[in-house]
Amino acid sequence: MRAAELNGDARPVGGPIFTAGFNALLAIVGACGLVIVWRLFRGLGAVSAMNDGYPWGIWIAYDVVSGTALACGGYAVALLCYVLNKGQYHSLVRPAVLTSALGYSLAGFAVLLDLGRYWNIWKAPFLLNWNRNSILLEVALCISAYTVVLWIEISPAFIERWRDSTSPLLRGIAERLTPFLNRTLLWFMALGILLPTMHHSSLGALMLIGVSKLHQLWFTPLLPLMFVVSCIAMGYAVVVFEATVSARLFKRPHEHKMLTSLSGVMVGVLTTLVGMRLVDLISRQRIGLAFTPDRYALFFWLEMAAFITPAILLAPKDWRRDPGIQFLSALMMMVAGTLYRFDVFLVGFNPGPQFSYFPSAFETLVTLGLIAVEVAAYLAIVKRFPILSGAPVAAGPPGLVSGLRAAS
Amino acid sequence: MLAPVSFDSPASQSRRDFVRLCTLAAAAVGLGPLAAERFLEAAARGAKPSVIWLQFQECTGCTESLLRTTHPAVDDLILDLISLDYHETLFAAAGHQAEAALKQAMKANAGKYVCVVEGAIPTKENGIYCMIGGRTAIEIINDVAGQAGAVIAIGSCASWGGVPSADPNPTGAVGAHEILKGKTVVNIPGCPANPYNFLGTVLQYATFGTLPALDAQNRPKFAYGQTVHEHCSRRAHFDAGRFAEKYGDEGHRNGYCLYKLGCKGPVTHASCSVQHFSEVVGAWPIGIGHPCVGCTEQKIAFRVPMHTTVEIERPAPPDTYPAVQPPESHISPLATGVAGAVLGALAGAGYVASRKLSTTDDLIPTPSAGAKDDRHVDQ
Chain A
1123 MRAAELNGDA
1133 RPVGGPIFTA
1143 GFNALLAIVG
1153 ACGLVIVWRL
1163 FRGLGAVSAM
1173 NDGYPWGIWI
1183 AYDVVSGTAL
1193 ACGGYAVALL
1203 CYVLNKGQYH
1213 SLVRPAVLTS
1223 ALGYSLAGFA
1233 VLLDLGRYWN
1243 IWKAPFLLNW
1253 NRNSILLEVA
1263 LCISAYTVVL
1273 WIEISPAFIE
1283 RWRDSTSPLL
1293 RGIAERLTPF
1303 LNRTLLWFMA
1313 LGILLPTMHH
1323 SSLGALMLIG
1333 VSKLHQLWFT
1343 PLLPLMFVVS
1353 CIAMGYAVVV
1363 FEATVSARLF
1373 KRPHEHKMLT
1383 SLSGVMVGVL
1393 TTLVGMRLVD
1403 LISRQRIGLA
1413 FTPDRYALFF
1423 WLEMAAFITP
1433 AILLAPKDWR
1443 RDPGIQFLSA
1453 LMMMVAGTLY
1463 RFDVFLVGFN
1473 PGPQFSYFPS
1483 AFETLVTLGL
1493 IAVEVAAYLA
1503 IVKRFPILSG
1513 APVAAGPPGL
1523 VSGLRAAS
Chain B
210 MLAPVSFDSP
220 ASQSRRDFVR
230 LCTLAAAAVG
240 LGPLAAERFL
250 EAAARGAKPS
260 VIWLQFQECT
270 GCTESLLRTT
280 HPAVDDLILD
290 LISLDYHETL
300 FAAAGHQAEA
310 ALKQAMKANA
320 GKYVCVVEGA
330 IPTKENGIYC
340 MIGGRTAIEI
350 INDVAGQAGA
360 VIAIGSCASW
370 GGVPSADPNP
380 TGAVGAHEIL
390 KGKTVVNIPG
400 CPANPYNFLG
410 TVLQYATFGT
420 LPALDAQNRP
430 KFAYGQTVHE
440 HCSRRAHFDA
450 GRFAEKYGDE
460 GHRNGYCLYK
470 LGCKGPVTHA
480 SCSVQHFSEV
490 VGAWPIGIGH
500 PCVGCTEQKI
510 AFRVPMHTTV
520 EIERPAPPDT
530 YPAVQPPESH
540 ISPLATGVAG
550 AVLGALAGAG
560 YVASRKLSTT
570 DDLIPTPSAG
580 AKDDRHVDQ
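Protein chains in written order, with our numbering: chain A, 1123 to 1530; chain B, 210 to 588.
For reference, chain A alone in the conformation it holds in the complex:
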């Protein structure tokens, strides 16, 4: 497969980058940056609510574990396109891979913030320093490798742009890289499917050693499989979310037919997931815990509702075609997968009596800041590089879009 063929009709959106919305995002990023500087100099205790019992907080539960799952759009669409050979989804690949690349890069950055002694990170690449018995090592290697792979996968978009650049340097890079990419991109795509499968199952496997610390509603030998299946669901949801929002924001054609059939895929994935979850709980005789009135059962049912509702909403063909229902279902699946990860890593995790954790305002701000970086970078890149396909449509109808457009 040639790089240029990956997404032939993609083109930059154009328009000014520094809009009101973009500047608002930058303001959040700025505030987040101050907290990060404070954290780097004064230590974790200065900004976070983490403690000896909860040595990880939302920076891990959201930024890394949920963040990489929400960045599974590239993985999910690649599975559909390349493994199941459904070529019609091609135009969704580039934006999905871009969100993935941004998401994974920020997850890697978030891990760095969470390291107590981050100044030792330079030792990480050296084989002799590795703890080869650690699942975390596998997660770290896969995430860093996959981040590189994602940027390579998206690089044709940059190269297409740089080929016409006025700068001789960028033109040179583009010309030199094109033959390399043409030769190797297929292998990177294969890696792009292997690596996330590995590390998402490892993220689940991380909690297998939690045995007695993880509540029995979540602790199961199936944790790795649950994480993989739920990240695929979240990946598809993000693609629907992102395609719907971009279409409105940038007056692009709405990939309606494609999103409708993608929503059909989501019903299957969700049904599998909920079925697995219930069969697992029943066969391990833990289903009774779901009916014990405590906060664990409450979160379990919130999570189940968030998984089941989109499956019900998207099941009838008529409803599935409604873009509002597609969008709402996609949001709910993103919430469901995120909640599942929060439940496994924080809510269901009990390190012992008298420990408690709730993210501090600073931690929330940093997480918000990282999301803002991702959105801002996405906006800037799609405006300058060929990511989205189809030409903008001139006359946009009024409605929600106009407001969003004004802000963008």
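Calculated from the structure, these hints are not laboratory results. Here the structure is a predicted model, which is why all the values come from computation and not from measurement. Just so you know, even glycine gets a beta-carbon here, dropped at the ideal spot from N, CA and C. Treat the hints with caution; some may be incorrect.
[As the list claims (entries may be wrong)] Among chain B residues calculated to face chain A with C-beta under 8 Å, some are:
#	residue
1	Arg523
2	Pro524
3	Tyr530
4	Pro531
5	Ile540
6	Ser541
7	Thr545
8	Ala548
9	Val551
10	Gly559
11	Ala562
12	Ser563
13	Leu566
14	Ser567
Starting from the structure of chain A, add chain B where the hints point.
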């Protein structure tokens, strides 16, 4: 034992003995020194609570274990601290004489006496499987407990059916509270019940006129608020992973943990591990080398086989302990406020956006989109 008590002369030897008895009783059941003074005052006024003790489907084990307490001894208890007006095992009277005593005690102390129920109540065939003086247990308990000031169910049988209710429960045996719907019945389960849990409850009612705090199954929290496992004398062996694997093996003889032999201690709420029976140190099942059978738990005793191991939620002690005053463990209103605002904004924006997408229908169709049905054409 004690000479008859006279309160005319505070300096008398017998009064001193009685003070000692009251202090012992109050300490044994954990009521504190104030209670001892109150016992004394109550006894001096001659206001000893009247107790009527009913026995239905039972083995008298609860009465037998109560007879073997010495602090206070049961004779002190029934003669000095309470007035035991009806008890079939301890009665000298029989037949019509006994029935008459019951009626008289009920009449004299109506609304004030303590009704103690020992044994389950059979309900099948209108309760004909347990009849005393021509009346069924159901009739008797409704009559006696209906006019009582407090009702205490002693033992597992009276608390929830116990042995008589084991499968297939041929007589339809149930606990007292299932007959006395709407009335507070304090359950003191156990097979037998630890007499101190009973004494503590009776003496608190006698002294203060109140009942102890109860858990969801109406068991006094002071006795049933923790599991046997929590204060088990063999707990150190459990934590260290030293288990008796078979009766009489090396581990069993060395006093190792009995969990693998089917001990139900980890899920059984009772005070046995701290309050042994009959004041003999080590006189309780685990103390003498037998696994706990969970006799205070309706879901365990006589239902889960004796040698089946129970599931333990947290088998190992935590590997991390919080500081004495953990500085990090507070949740600031600012943090919750920020988190709430973020989540609320996201939820609101998501909902509004999806509503607008459904209603305004202002999507731009893909030029190449297929069937007409799949298009969302601008109106």
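For each hint, the structure was consulted:
Look at B:Arg523: its Cβ gets to within about 5 Å of chain A, closer than 8 Å, so that hint holds up. Taking 8 Å as the C-beta contact cut-off toward chain A, the hint placing B:Pro524 at the interface holds, the least distance being around 6 Å. Taking 8 Å as the C-beta cut-off, the interface hint given for B:Tyr530 holds, the closest approach to chain A being about 7 Å. The interface hint given for B:Pro531 holds, since its Cβ lies 5 Å from the closest Cβ of chain A, which is under the 8 Å cut-off.
Because the beta carbon of B:Ile540 sits about 4 Å from the nearest beta carbon in chain A, less than 8 Å, this interface hint is met. Against a cut-off of 8 Å between C-beta atoms, the interface hint on B:Ser541 holds, since the closest Cβ of chain A lies about 7 Å away. For B:Thr545, the interface hint holds, since its Cβ comes within 8 Å of a Cβ in chain A; the closest pair sits about 7 Å apart. For the restraint placing B:Ala548 at the interface with chain A, the shortest Cβ-Cβ distance is roughly 5 Å, inside the 8 Å limit, so the hint holds.
Annotation: interface hint on B:Val551 holds; nearest CB of chain A at approximately 6 Å, less than 8 Å. For B:Gly559, the interface hint holds, the least distance from its beta-carbon to any beta-carbon of chain A being 4 Å, beneath 8 Å. Hint status for B:Ala562: holds, given a least beta-carbon distance of 7 Å to chain A, under 8 Å. Hint on B:Ser563 holds. Least Cβ distance to chain A is approximately 4 Å, under the 8 Å limit.
The beta carbon of B:Leu566 is positioned within 8 Å of a beta carbon in chain A (closest approach about 4 Å), and the interface hint is therefore held. Satisfaction of the interface hint for B:Ser567 is found here, the shortest Cβ-Cβ separation to chain A being roughly 3 Å, below the 8 Å cut-off.
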